[in-house]
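K.L.:
Single-letter residue listing:
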Amino acid sequence: MAELTYRDAVARGIAQEMTRDPDVVFLGEDVAKAGGVFKATVGLYEQFGPLRVRDTPISEQAILGAAMGAAMTGLKPIAEIMFSDFFAVCFDYIANEIPKSRYMSNGQLKCPLVIRTGNGAGSRFGAQHSQSVENWCMMIPGLKVVAPSSPIDVIGLLAAAVRDPDPVIFLEHKSLYATKGEVPDGEILDKLGTAKILRPGKDATIIALALMVPRALEAANRLASEHGIDCEVIDVRSLVPLDTQTILGSIAKTHHCFSVEENPRLCGWGAEIMSIVADEAFYDLDGPLVRITTPHIPLPAADILEDAILPTVDRIVERVRRTLKG
Amino acid sequence: MSQTPISAAAVNDDIGEQTRLELYRSQVNIREAEQRAFDLFLQNMVKGTSHLSLGQEAVAAGFAVAMKKGDLSFCTYRGHAHTLARGVPVEKVLGELMQRDNGLMRGKGGSMHLTSEEHGVMGSYAIIGAHLPIACGAAWRAQYKKQDDVTVCFFGDGTTNIGAFHEALNFAAVWKLPVIFVCENNFYMEYTPIGDVTAVKNPAGDRASAYGLEKIVIDGNDADVVYRAAKTAYDKARAGGGPSLIECLTYRHSGHSRADPAKYRPEGELEKWKERDPIKIYRERLKSFGIGDDVVAKIDAEVRRVVDDATEKCKAAPNPPMEILTTDVYADGGWAWRN
Ligand SMILES: Cc1ncc(C[n+]2csc(CCOP(=O)(O)OP(=O)(O)O)c2C)c(N)n1
Ligand SMILES: [Mg+2]
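For the record, the sequence lines run as chains Y and B. The letter at position 228 of the first sequence is residue 227 when you use numbering that gives the first Met the number 0, and the numbering goes up by one with no holes. The letter at position 82 of the second sequence is residue 81 when you use numbering that gives the first Met the number 0, and the numbering goes up by one with no holes.
For the record, the hints were derived by calculation from the structure and aren't laboratory data. Hints may contain errors.
Taking lysine-lysine and the BS3-like style, the derived pairs with C-alpha atoms no more than 27 Å apart in a straight line are [said to hold, decoys possible]: (1) B/Lys271 / B/Lys286; (2) B/Lys46 / Y/Lys32; (3) B/Lys273 / B/Lys286; (4) B/Lys286 / B/Lys230; (5) B/Lys175 / Y/Lys32; (6) Y/Lys109 / B/Lys175; (7) Y/Lys109 / B/Lys68; (8) B/Lys145 / Y/Lys109; (9) Y/Lys99 / B/Lys230; (10) B/Lys144 / B/Lys230; (11) B/Lys271 / Y/Lys109.
Short derived list, chain Y residues pointing at chain B, Cβ under 10 Å [what the hints assert, rightly or not]: (12) Leu26; (13) Lys38; (14) Val41; (15) Arg51; (16) Ala65; (17) Thr72; (18) Gly73; (19) Glu96; (20) Met103; (21) Asn105; (22) Gly106; (23) Pro140; (24) Leu241; (25) Gln244; (26) Ala251; (27) Arg264.
Cβ coordinates follow ideal geometry from the N, Cα and C atoms, glycine included.
With the hints as extra help, turn the sequences into a complete structure.
P.N.:
Right, dumping it as C-alpha cells:
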C-alpha cells in the first residue's frame, strides 16, 4: 500500500499494461521525453524505450488515425490527446472511423485502443482548454467512455480499458492530477461498466463523475451533519457501458436522485441517466429528478468566474436540501 | 499459357508474360464489374451511391499485382477497383453494391466501405483523407513488429487539400513508415477541376518535397508504368527506406458518382482520354509482346462469364436479415451499452 497521486497513477497504469503486453504502445505530443504536459507519463520513455513510447508531431488526426490503424492490425495502442477540447480537431476518428469500422465491416475489423485525455475545468485555462467533453463521446455508438475520480480507479480502469477489445475514451480530470489516494501494491485491474457506491445513504441518491465525485461526497457529509439528510453517493465511473442497475437499485431505496455534472447543461450525461430513471423507476420516486450542472455557457478563464459556474459543494447542498425539505 | 511465340523484348522484359496477363485480367475484371455496376444502377438495382473507376483501372491493377500476400490496401469510396484487384470475388462486391445478404459486409457497409480483411483490404473510407493516417498506423505496426508487409493507401487529387493528408505525410516521413501513398489524379475532385482549387500543378507531386520525399508523377493509364513504380516503392519500404508518394495521372470515364453526367467537363476531354484508355493501351502492349488475340479473347470471355454469373447470383440473393442490425457494434458481437 502506498499513497499515490492521480497523476502518478496514470504512469503506473500504463507501465503495468506495457510490462504485461508487448503489443501495448503509447503515442502522443510531448508524452515521451518530456513526460507529458501534465507530467502524467514521466518515466515511461526511460522504462520502455523509443519504440514503444513515441512523441508525435502536433497532428491529432495522425495520432488517432495511427492508433486506429495499429489497433486494426494487431497492436494495443494508447493514444494521448493533450486536452480533451482538441477532440474537436480529430473528431472524425472519434465519431466516424474508430467506433464504426467494426459494424460497417460486419465484424471483420477490430479497434482495441485507448484514447487518454486531460478533461475538465479548474485550471483557469478558458473556454478551449477546460471543457468536459464526456457527452461528445457518450453519444457515439461503438465507443466506451470512462472517467475515473481516484488514483486506484485510474490504474484499475486504465488496465481494463487497455485489455478491452473495444475502443475506450479515458477521461482524466486535470484538476484531479494532484489529488492523492491509497493504492495497493501489485497488479490492479478493475471492470468497465461498473459504478461504485462511495457513501451509502437512505434519503437521496447523488450520482457524480470525476471532479464532481469529491464535491458530491463533501456535500453529502454536510447534508448529513447540517441537515440530517443521509445521501448515497455513486461514482458513475463508466458512462458506456453504463451501470444502470447500481443507480436504479439505489433509487429504489432512496426515492430521490440528483446528478452532479461538470458539463454544460444540454445533453449532459445526467440527462441520459435521468431519462432512464424516469422511464424505468418512475414509481420509485418521491420527488423530481434534479440535475446540477454547469450552465449552458462557454467556460470563462478568471478563477472567480470559473469557480462560480461549476457545481460547488454549496450548490449541491442547497439543491438537495431545498428539494427534500422545501 | 500462350501458344504464340514470344518476342525477344518480352523474354528480356522486367515484367514478364505471366504478370502482364495478370495485369490485363485484373484491369478487364474491374472494367466489366464496374460497367455492370453502372448498368445495375440504371436498372435501380444498385442502391445508395456508387463511385466507379472506369478509366482508372491501371492504377488499381498495377499496385495490386505488385503486392505480396499480406500487404494491406486502404481505399476510398471509389474503391471497388482496389477491392477487386486484391482478389475479392465480383459477387461479393456486386452483392454489397446491391445491398444483398451475399455482399462483402452483408449490406452493413455499402458501396463506400468495401472491406475484406482476408484479402488485405482494410477498409474503404468515405471521409476524404481519413484513411491516410490510419494507413500510417498499419504501417507502424509492421515496423514495430518487424513484419515485412507494406501498406498502400489510395486517394484522389482532391484529397491532397485536406489536413489529414498533410498530417499523414509528415508523420509517415518522420517515422519512416513502410507506407505508399497513391494519389490518383483524375483532374477533378467532385465536379470542380483540381487546378481551380489547388496552389500547385501536381497536387501530390508538388507537395512531396515538403515532406522530404521524391516527386513521383507517372502515367496512371499504363499498367506497366504503374507496376514498376509500385515495385520500386514497395522494395524501398520493405528495405526500411520509408514512405513514397506517387501521383498517377488518370481520368474517370464516367461521372463522379451514381448517374452524374459529368457535364462540367470541356468538350473533347473525355474523347482525348479515351484514346489513352488503359485497357486499349494494354491490349496493344500485349500484342507488342507477341501475346495472341486468342489469349486476350479467352481472358475477356472468362471475366465476362464471372461477372454474368455474379450478377445472377446477386439478383437471386436475399436481402440481409433483420438479425444483423444490432450485431458487431462491440467486440462481444452485440450492441449493449448498459446493464
Ligand atoms: C471530409 C469530406 N469532405 C467532402 C466530402 C464529399 N466528397 C466526396 S468525394 C469528393 C471528391 C474527392 O475528390 P478526389 O480526392 O479527387 O477523389 P475522386 O472522387 O476524384 O476519386 C468530395 C468532395 C467527403 N466525403 N468528405
Ligand atoms: Mg479526383
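K.L.:
All hints are to be evaluated individually against the structure, with a verdict given for each.
P.N.:
Status of each hint after checking the structure:
Our distance criterion of 27 Å between C-alpha atoms is met by B/Lys271 and B/Lys286, whose separation comes to about 22 Å. A distance of roughly 52 Å separates the Cα atoms of B/Lys46 and Y/Lys32; the hinted pair therefore is violated under the 27 Å criterion. With a CA separation close to 19 Å, the supplied pair B/Lys273 and B/Lys286 stays within the 27 Å bound. Annotation: proposed proximity of B/Lys286 to B/Lys230 holds, straight-line Cα distance about 23 Å (limit 27 Å).
Taking the CA atoms of B/Lys175 and Y/Lys32, the gap is near 19 Å; set against the 27 Å cutoff, the hint holds. This hinted pair checks out: Y/Lys109 and B/Lys175 have alpha carbons roughly 25 Å apart, not beyond 27 Å. Restraint check: the Cα-Cα separation between Y/Lys109 and B/Lys68 comes to about 20 Å, which is no more than 27 Å; the hinted pair holds. This hinted pair checks out: B/Lys145 and Y/Lys109 have alpha carbons roughly 21 Å apart, not beyond 27 Å.
Our distance criterion of 27 Å between C-alpha atoms is broken by Y/Lys99 and B/Lys230, whose separation comes to about 33 Å. A distance of roughly 22 Å separates the Cα atoms of B/Lys144 and B/Lys230; the hinted pair therefore holds under the 27 Å criterion. Straight-line distance between C-alpha atoms of B/Lys271 and Y/Lys109 comes to about 45 Å, which puts the hinted pair past the 27 Å bound. A hinted interface residue such as Y/Leu26 counts as satisfied when its beta carbon comes closer than 10 Å to some beta carbon of chain B; here the least separation is about 9 Å, so the hint holds.
The beta carbon of Y/Lys38 is not positioned within 10 Å of any beta carbon in chain B (closest approach about 24 Å), and the interface hint is therefore violated. For Y/Val41, the suggested interface contact is broken, since its CB lies about 23 Å from the closest CB of chain B, more than 10 Å. Interface restraint check for Y/Arg51: the shortest CB-CB distance to chain B comes to about 8 Å, inside 10 Å, so the restraint holds. Annotation: interface hint on Y/Ala65 holds; nearest CB of chain B at approximately 4 Å, less than 10 Å.
Annotation: interface hint on Y/Thr72 holds; nearest CB of chain B at approximately 4 Å, less than 10 Å. With a least beta-carbon distance of about 6 Å to chain B, the hint placing Y/Gly73 at the interface is held under the 10 Å criterion. Satisfaction of the interface hint for Y/Glu96 is found here, the shortest Cβ-Cβ separation to chain B being roughly 6 Å, below the 10 Å cut-off. Given the 10 Å rule on beta carbons, the hint for Y/Met103 holds: about 4 Å separates it from the nearest Cβ of chain B.
A distance limit of 10 Å between C-beta atoms decides the matter here; for Y/Asn105 the minimum to chain B is near 4 Å, and the interface restraint holds. The beta carbon of Y/Gly106 comes within 4 Å of a beta carbon in chain B, closer than 10 Å, and the hint placing it at the interface holds. For Y/Pro140, the shortest C-beta to C-beta distance to chain B is roughly 6 Å, which falls under 10 Å, so the interface hint holds. At a threshold of 10 Å, the smallest CB-CB gap from Y/Leu241 to chain B is about 4 Å, leaving the interface hint in force.
The interface hint given for Y/Gln244 is met, as the beta carbon of that residue sits about 5 Å from the closest beta carbon of chain B, less than 10 Å. Interface hint status for Y/Ala251: violated, as the beta-carbon distance to the closest one in chain B is roughly 15 Å, over 10 Å. A least Cβ separation of about 22 Å between Y/Arg264 and chain B goes past the 10 Å threshold, and the interface hint is therefore violated.
Violation of the numbered hints given earlier is confined to hints 2, 9, 11, 13, 14, 26, 27; the remaining hints are satisfied by the structure.
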